[in-house]
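Enquirer: Each chain, letter by letter, is given below.
Number of protein chains: 2
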Amino acid sequence: MRLAELSERSGVSTATIKYYLREGLLPPGERVTATQSEYNEDHLRRLRLVRALIQVGRVPVATAREVLGAVDDNALDMDERLGVAVGSLPHQAPGRPEEAEDPHVRAARETIDGLLAELGWHARPSYPAAESLVTAVATLRRLDYPCDVASLLPYGRLATELAVSDLDMISAIEAPVTQLEAAVALTVLYEPVLLSLRRMAHAEESRRRYSTGGEGGAPAKQAGPANG
Amino acid sequence: MRLAELSERSGVSTATIKYYLREGLLPPGERVTATQSEYNEDHLRRLRLVRALIQVGRVPVATAREVLGAVDDNALDMDERLGVAVGSLPHQAPGRPEEAEDPHVRAARETIDGLLAELGWHARPSYPAAESLVTAVATLRRLDYPCDVASLLPYGRLATELAVSDLDMISAIEAPVTQLEAAVALTVLYEPVLLSLRRMAHAEESRRRYSTGGEGGAPAKQAGPANG
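Going down the list, the protein sequences come from chains A and B.
Residue 6 in my numbering sits at position 6 of the first sequence, and the numbers go up by one each step.
Residue 226 in my numbering sits at position 226 of the second sequence, and the numbers go up by one each step.
None of these hints come from the bench; they were simulated from the model.
Bear in mind that the values here come from a model prediction, so they are computed numbers and not experimental data.
Some clues are possibly wrong.
Copies of the same chain look alike in the list, so a pair counts if it works inside one copy or between any two.
Cross-link-like lysine to any residue pairs, in silico, SDA-like; alpha carbons within 25 Å at most [stated by the list, open to error]:
no.: 1; residue 1: LYS18; residue 2: ARG142
no.: 2; residue 1: LYS18; residue 2: THR178
no.: 3; residue 1: LYS18; residue 2: ARG31
Generate coordinates for the entire structure from the input sequences, incorporating the hints supplied.
Expert: Okay, structure coming up:
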């Protein structure tokens, strides 16, 4: 297909596609004349992934290039490619870099070590996700909110369940390169799904616990307050 | 305590505290002289919450004021206050507003209706979280990645489990206002925890599935590839 069709099918403007081509986020098409190139379904699929990374994942262009480089690197095995690609994704709330001597950061690292031991994980501490976790836990501790191994453990267990179900979904895809692309895309694209559902579940669960039943959406069994 | 001590104990600069006071995010202290006010533990706790919202949650000041207004509104019951406060929190990746006539958006709304029916939830569709979910699902569908009721259901179930464990943690806190503050803070502060752990779990699970065992961190039972 020509550039115009690639643009129409992807919903990405031709100017933006040209920019992605220049930045090496999209492999060049097959040149057919001095001014025209031919693109195929692989370009369309890759374009969708680039879109997901940049628009939904807010991934900077340089990082997207690094992630895609890992996806395409045939010298690495599947595990390494997935690890490098997903591991290179920046976390959307990186915050400031933490100082190692900050007592909250030290306490956070100890808590996380305890958590990983409980979960039996072998996390690579260089991943942005591992660093983001330190920042998040240190912030909770600094602000004096509960955050110990016991409060983190349900999150870790549920994250494992999510990863199993995500990778089952990815395994159902056929070609390995496409699997890698899907892994990167689904990592990014399901994050807002997860956060939205958690907030909706909060509202739902608090309604169940605290609703005084004024609104018609009351629970079926309307337990009267003990002090009524 | 005086402003200087409030600053020292919270780690927030006096200039920033004065800005929060002017913006109504922090109630005024008790005036002791023409130029000095006295602050108490409630100010310190509220300041921590404001910090969590603005620094970690990237909540705009106007929205933070709205969220805190709901926390403090004695005319509402606990469920409503929690619902309004958590419900007012913006989603960090709002994207563009979706057009109702977009077929992907229509399909996303249908998928979400199916999901909510399966989960037995009574979501208030006006919440930013519910709108963010529509955007996230529409994006997945637009990019042609799997996203139907079956793929969303594990996320919804796990979100419910998280909400139950979060609200158990919150119920352990004593005063209702503090519970509400904690609910808002934990909603925001545990989001990066959850996302970091999910990414780490992805790396862990993919290592378990795909590792060819080169790095010492190999799985105990080293299954050889069938085509070896």
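Enquirer: Next, verify each hint and record whether it holds.
Expert: Hint check results:
1. LYS18 to ARG142: between (46 Å within a copy, 21 Å between copies)
2. LYS18 to THR178: Result: close within a single copy only, 23 Å intra versus 53 Å inter.
3. LYS18 to ARG31: Only inside one copy: LYS18 and ARG31 sit 14 Å apart there, 62 Å across copies, limit 25 Å.
The structure meets every hint from the earlier list without exception.
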